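All chains, full assembly: derive it from the sequences and hints.
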Amino acid sequence: MKDPRLGERLIGLLLLAALLFSPMLLALFARSSPVAGLPPLVVYVFAAWVVVIILLARIAHSGDRDR
Amino acid sequence: MDSWLILGVAIGYLCVLFAIARWGDRRADAGRSVVANPTIYALSMAVYCTAWTFYGSVGRAAANGIDFVAIYLGPTLVAVLWWHVTRKMLRISKANRITSIADFVASRYGKSSLLGGLVAIISLIVITPYIALQLKAVSASVEILRGAPAGMGRGTLDDTALYVAALMAAFAILYGTRHIDATERHEGMVAAIAFESIVKLVAFMVVGLFVTFAMFAGPQDIFARALARPDIAPLLVSTGTSGPAGWITLTLLSMAAILFLPRQFQVAIVENVDERHLAKASWLFPLYLLLINLFVFPIALAGLLTFAPGSVDSDLFVLALPLQVGTGAVAMVAFVGGLSAATGMVIVETIALATMLCNDLAMPILLRIRVLGLSERADLTGLLVGIRRGSIVLVLLLGYLYFHFIGGSYALVSIGLLSFAAVAQFAPTIIGGMYWRGATRAGAFGGLIGGFGLWAYTLLLPAFARSGWIDVSFLTDGPAGIAVLRPYALFGVSLGDPLAHALFWSMVANIGLFVGLSLATRAGATERMQATRFVDVFSHEEATRAPAWRGTAQIDELMQLAARFVGRARAVQAFESHARERGVDLRRVERADASFVGFTERLLAGAIGAASARVMTASVVKGEDVSLGEVMAILDEATAVIEYSRQLEQKSKALEDASAELRAANMRLRELDRLKDEFLTTVTHELRTPLTSIRSFSEILHDNVDLPPEQRREFLSIVIRESERLTRLINQVLDLAKIEAGRFEWQITAIDMKALVSDAIAATSQLFKERQVRLDAQLPPDLPAVRADRDQIMQVVINLLSNAVKFSSPERGLVELALRPRADGLELVVRDNGPGIATENLSQVFEKFRQFGDQQSGKPQGTGLGLAICRRIVEHLGGAIAVSSPPGAGARFTVVLPYADAPRGAS
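Residue numbers (the numbering used here), protein chains in the order written: chain S, 1 to 67; chain B, 1 to 907.
You can take every hint at face value.
One side of the interface only, derived from the structure: several residues of chain S facing chain B at Cβ under 10 Å:
id, residue
1, L13
2, P23
3, L26
4, F46
The hints are simulated quantities; they were obtained by calculation from the structure and are not laboratory data. Nothing here was measured: the structure is a model prediction, and the numbers come from that model. Even for Gly, the Cβ is constructed at its ideal location relative to N, Cα and C.
The following block contains the structure:
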């Protein structure tokens with residue numbers, strides 16, 4: 001946790017996550033035409049979740065790599 | 001399935017838990033902690049996923065669609081904020097030895113036992129149904145495994161819940177109350193909880209994979225079939241039946257829950273080993289949440305597709321689906337998973353609540369009841385352990401009773417959300433207290449009571465009404481038929497979701513009262529101190545360490561006080577290590593200073609809570625508390641004042657330096673001025689002496705025309721000599737002035753000193769002859785050249801030689817001259833055999849107009865400027881001139897001039 005910009009990067013990620021999981025964006029995917037046989041809403045929610053976790057891991061360990 | 005088999009598996013599983021906890025504690029005692037790593041930390045945090053997650057998520061997904069995910073997206077959002085919020089909570093809690101949410105609130109708002117007690121009671125009220133929910137889930141799962149009619153009806157004759165509750169109480173007592181100081185971690189418990197988190201994740205994945213791939217042909221198959229069913233398809237395309245407001249509410253509630261649920265505080269803050277674990281745990285924990293939710297939707301849809309609507313409780317699809325196809329083993333895995341989810345939650349929650357009840361409710365009350373004489377009892381550690389254990393039994397008993405008498409009627413998820421909404425009421429008080437210095441105790445009180453009251457009115461009472469405890473007309477028509485006050489639609493407005501409605505109104509009351517009362521009231525002394533300690537925990541180390549105590553106490557008394565609550569051995573150990581840290585010898589010091597008193601208070605806070613610790617410490621400390629005025633002076637303006645005074649200090653230091661320089665310069669100027677005046681006076685005086693003599697002899701010659709010729713010549717020769725002296729004096733004054741003003745034109749070259757000295761000897765030979773003084777010159781060959789101005793050095797040498805002649809012994813005059821090479825330059829020594837110079841005058845011979853030879857002849861023999869000029873010349877050329885006068889050996893002048901080439905080595 002030595003990254004000097006860690007704090008602001010995390011706030012940025014929080015804003016992004018709040019946007020990704022907002023009802024407005026979810027409503028965009030609330031349709032019945034399946035994506036690869038799966039409902040788009042479910043696919044979107046889990047995909048967005050994975051993206052947030054990956055970004056979080058990268059930011060949380062960015063200081064470690066620099067060392 | 002056989003009841004005994006189920007009971008056997010359950011008891012066997014719990015035995016494994018006991019074994020792991022025991023192992024974890026042993027490793028901790030041996031100093032080889034198993035829980036000190038971020039992965040275990042993240043797994044223990046997954047105690048968030050209870051039986052409610054394990055069974056209830058599927059139930060909610062079957063009823064509402066995707067919105068169950070919001071309950072896990074909230075914690076993901078908070079995980080992003082861990083570095084900001086949780087890290088701060090960690091720092092604060094460690095600095096103040098905080099043991100629970102109630103303690104956190106009490107400590108922040110001036111160590112108020114009333115506020116701590118309020119939070120403890122609210123937590124107890126809120127968490128009891130939540131624990132009941134876990135017991136209900138376990139007993140329902142046993143029932144369905146035994147093949148009893150599906151559904152979660154009441155009337156478990158065998159009362160599995162009771163056995164489970166009893167076993168969990170035993171576990172919590174064994175592994176949750178080992179230490180009195182709750183800031184010491186329960187490593188065995190954490191190890192067991194982490195193990196449980198793995199079990200429930202694996203179990204849920206096994207069921208999910210089994211349902212998706214064994215019972216159906218993969219997720220596509222399930223979703224395709226679900227889309228084809230008009231009654232199920234809407235679940236896949238909407239964000240939940242409660243709309244955007246419901247989604248946002250769920251997200252916000254779960255954000256509050258992950259921070260403020262007593263069990264989350266326990267695992268995330270109290271059991272934290274190292275702040276740095278937050279980094280890795282912050283993404284491992286959301287990853288865990290994602291994985292455990294991956295198969296929720298498939299299982300829910302599979303359940304809806306498999307069972308006729310209403311035939312099986314959707315909360316139990318996880319068990320019912322494997323049983324439906326006769327796979328007892330998978331159902332047993334699911335049962336163990338559910339059991340682990342329930343026990344994990346119950347164990348941690350009970351321990352957290354027991355600590356809270358003991359430290360923030362029982363102890364403050366017991367210590368205040370004088371009849372019990374607790375304040376005088378010598379050892380209270382046993383009592384503390386007893387209270388904690390009693391609290392554990394009490395909490396579990398309450399949970400069991402709640403489950404037994406009320407719990408049958410309400411779906412799992414609803415009870416859980418009820419608790420979440422209540423826990424969210426802590427958010428303004430705690431977050432506000434962490435970031436806003438102006439938050440006061442009155443604001444916290446008002447906010448908590450207002451928010452909790454509205455929560456009870458809009459959620460708890462309706463829940464009672466739906467359970468049949470209160471007439472349902474309370475819901476439909478409002479209390480006493482007043483429609484405006486209907487609990488699900490206050491003032492006639494319903495947001496479409498009772499939860500969103502309740503959250504809105506309770507937060508309006510909570511935040512409104514919290515902010516309003518905080519602005520309207522003034523904080524007390526302790527409160528301000530604590531406010532700064534909390535808000536500025538990362539900065540202002542000095543300010544946060546400002547002494548909270550002004551009086552002093554005997555170290556012995558403090559130690560005895562601590563020993564009563566934490567045990568003798570631990571108290572002595574803690575005191576000694578604190579003394580070592582501060583470099584104090586305990587045996588030598590009797591009186592404890594403010595820092596020691598503060599340390600004792602924190603030590604006690606870990607055992608009996610902040611509020612009681614303050615009261616107990618105050619009983620020992622003599623002298624007043626710090627007054628409000630002082631604290632304000634110390635803290636409120638501390639930030640600004642510290643910064644301001646530092647700047648001021650820097651500025652005044654710079655000013656001081658500048659004025660010192662000015663003073664020195666001024667003194668130098670005054671000195672120079674004085675010297676100039678003195679010089680002028682002396683020069684004038686020196687000029688007047690020869691002038692007077694010239695004038696008087698001239699007048700004699702003028703007035704007495706008939707003077708004999710010899711006398712006339714004698715007088716004329718005096719006039720000539722005095723004129724010469726006058727000329728010499730004026731020349732020297734001019735030279736000196738030029739040298740001092742730096743206008744003298746130097747012609748610096750390499751000079752052969754031997755030749756120069758020989759010339760000088762030749763120039764003064766007439767003088768030597770006149771006075772009959774012998775000159776003994778030692779001029780060795782091959783001397784290195786020096787760097788100097790030839791004419792000036794010649795003047796120096798002639799000056800020294802003529803001085804030596806003048807002052808050498810009148811009878812057998814002898815002057816010795818020598819040139820010697822030295823490491824730092826060429827040395828010229830001129831020595832006479834005269835009377836020498838008195839020691840007190842040695843330092844002044846090089847000053848202007850100092851003549852020390854006058855006493856003998858009574859008449860000045862020189863101008864008094866010669867040596868002064870010599871010194872200026874030699875020093876300007878980078879050399880040195882010195883004089884010494886050993887008694888009876890004449891004066892000895894030494895001139896050292898630098899070599900023309902690079903200086904020689906020391907040899």
